[in-house]
Amino acid sequence: MSLVNIISALGNNNSIYPLLVRDCGIENVAKCYMTYKQNAKESEFVAKQATRERIVDEYGTSAVWLGGIPILNKICDKLIDFTGLSSKVDSALIKGTKYQGLDKNIEKFAKNAPKEVAELINVKNNKKLFQGLQVGKFFATTAIPIAIMGFILPKLNFSYTKKKVEDNKQVKSNSKTSGMKKYMSSLKKNNQVSFKGIERLANMSDLEKMMILDGGLTVGRVKTGRNKSEKAELAFKMAGMCFLNYVAPKWLEKGFNKLTKNIFGINTDLDVKLLDSQDFIKAIKNRTLSLPENIDEKTILDFIDQNPDSIFTQEAKKLKLVSFLDNKVRDPRKLVNTEEIGKLKDSITQFVKDALNSDSVEKFAKRALKAKSFNTILNIVTSSVLLAYVLPKLQFLLRRLITGTNVDPGINEIVGKNK
290 MSLVNIISAL GNNNSIYPLL VRDCGIENVA KCYMTYKQNA KESEFVAKQA
340 TRERIVDEYG TSAVWLGGIP ILNKICDKLI DFTGLSSKVD SALIKGTKYQ
390 GLDKNIEKFA KNAPKEVAEL INVKNNKKLF QGLQVGKFFA TTAIPIAIMG
440 FILPKLNFSY TKKKVEDNKQ VKSNSKTSGM KKYMSSLKKN NQVSFKGIER
490 LANMSDLEKM MILDGGLTVG RVKTGRNKSE KAELAFKMAG MCFLNYVAPK
540 WLEKGFNKLT KNIFGINTDL DVKLLDSQDF IKAIKNRTLS LPENIDEKTI
590 LDFIDQNPDS IFTQEAKKLK LVSFLDNKVR DPRKLVNTEE IGKLKDSITQ
640 FVKDALNSDS VEKFAKRALK AKSFNTILNI VTSSVLLAYV LPKLQFLLRR
690 LITGTNVDPG INEIVGKNK
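Just add 289 to the spot in the sequence shown (first one is 1) and you have the working numbering.
Since the hints were derived computationally from the structure, they do not count as laboratory data.
Errors might be hidden in some of the hints.
To be verified - DMTMM-like, lysine to aspartate or glutamate: derived pairs with alpha carbons at most 25 angstroms apart: (1) Lys520 / Glu347; (2) Lys539 / Asp615; (3) Lys571 / Glu586; (4) Lys606 / Asp635.
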C-alpha cells in the first residue's frame, strides 16, 4: 500500500481507518500506560488490577467493534439472502427520492441490469418482509454489541478483579468484606438492556446508527459501574471519547482546510489520491476535465450514467458515493448519494479554477498534495493527543476532585488503599 493510499485512508473521517489508528495504535496503549502510572501512586497491586481492567476494556471493545460487528453484518445478510430476498438492495430505495426508488430503478434498468432488477421486483413484492428483516438486522448489529461491550464484558472484568482481590493476602479483611458486599449489591441492582421502538430505527442513517450504538455502550458502561464515582467517571470518559472520535476530527479537518485556504490559497478539500493522479492533473491542464453542469439530482445521475469512465465518476465511486456493476452500469440496487457528489463537484470546480489561475497546474497540485497530507497527519496527531493524553488527564483530575484518590473508583471500593 503506497503512502498516498495510507494518507487517503487516514484522511477519510467517514471510515474506520482513522479510528483504528487512534483507537488501537495510540489511544489504547497510552491510556493503559497512564492508568498504571496513576494507580501506582497509591498501590502496585491496585495498579496492576486497574491496568488489566483497562486492557480488557479497551482492546475487548475494539475487537467487538472491528471484528464482531462486520461478522454480524455478514451473518444477517446471509439470513436475508436465505429468505430469497437480496441483502444488496438498499432499503432507502423503498422510500426513494424524486429520481431514485424501486419503481424508478426497475423501469430505468430493466434492459441493462435484468438480474438486479429482478431482485428489486422481489423486494417490491415482499416489502413488509424485507423491512422486517432490515429491522432485525439493525437490532442484531446494535443490541448484541451493546450487550457484549456495555454489560457482559465489564461484569466479567469486574468479577475477575473480585477474584484477584480475594486471593490477595495483602488486602485487609475488613476492606475486602465491605467492598465485596457493596460490589455484589451493585451487580444485583444493575438492570437489563431495554430496547423500544426498534421498528422506527430501520431507516436511520449510518451516522445515526453509530450514535445509537455509542449511546447504548455508554449507558451499559455507566450502569455496570460499581459505585457513583465510577459511574460519573465512566460517563465523562465515554462522552469525551464519542466527541473526540466522531465530532472533533471533522471539525479539525474543516479548520485545517480553511486555514490552508486562507493562508496559502490552497484548496485541500479533495482526496490525496485524486491530487496525486496524473490523469486528473493532465485533464485540468488541457481543460478536458468533464463535470456535471449542475448539482441537482437529475443532472448528477444523468452524468454518472452517461460517463461511467470519467475521472469525476470514478472518484465518486472510490468514495463509495455510487456503485457500478461489472458491465459499467450503475447498480440499481443502491441509492446514489447525490448530495455528497454535488459537494465533490463543487470542490473539484474550485480546485480547477485555482489551479488554472496559478503559475503551474503541476506545482499547484503538488503543493495541495503536501498540504492535504500534512493536514491529515496533523488531524490524526491532534485528535490522538486529545484522546490518549488530555482526556485521561481530565478523567484523573475529575477522580481526584470526587474521591480524593488516584485509584480507580471501582477497584478502590473493593480493595481500599493497599498499603
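Here's how the hints hold up against the structure:
Restraint check: the Cα-Cα separation between Lys520 and Glu347 comes to about 17 angstroms, which is no more than 25 angstroms; the hinted pair holds. Distance check on the hinted pair: Lys539 and Asp615 sit about 34 angstroms apart at the alpha-carbon level, beyond 25 angstroms; violated. As the CA atoms of Lys571 and Glu586 are separated by approximately 28 angstroms, the hinted pair breaks the 25 angstroms bound. Proximity of Lys606 to Asp635 is assessed by CA-CA distance (about 17 angstroms); at most 25 angstroms being required, the pair is judged to hold.
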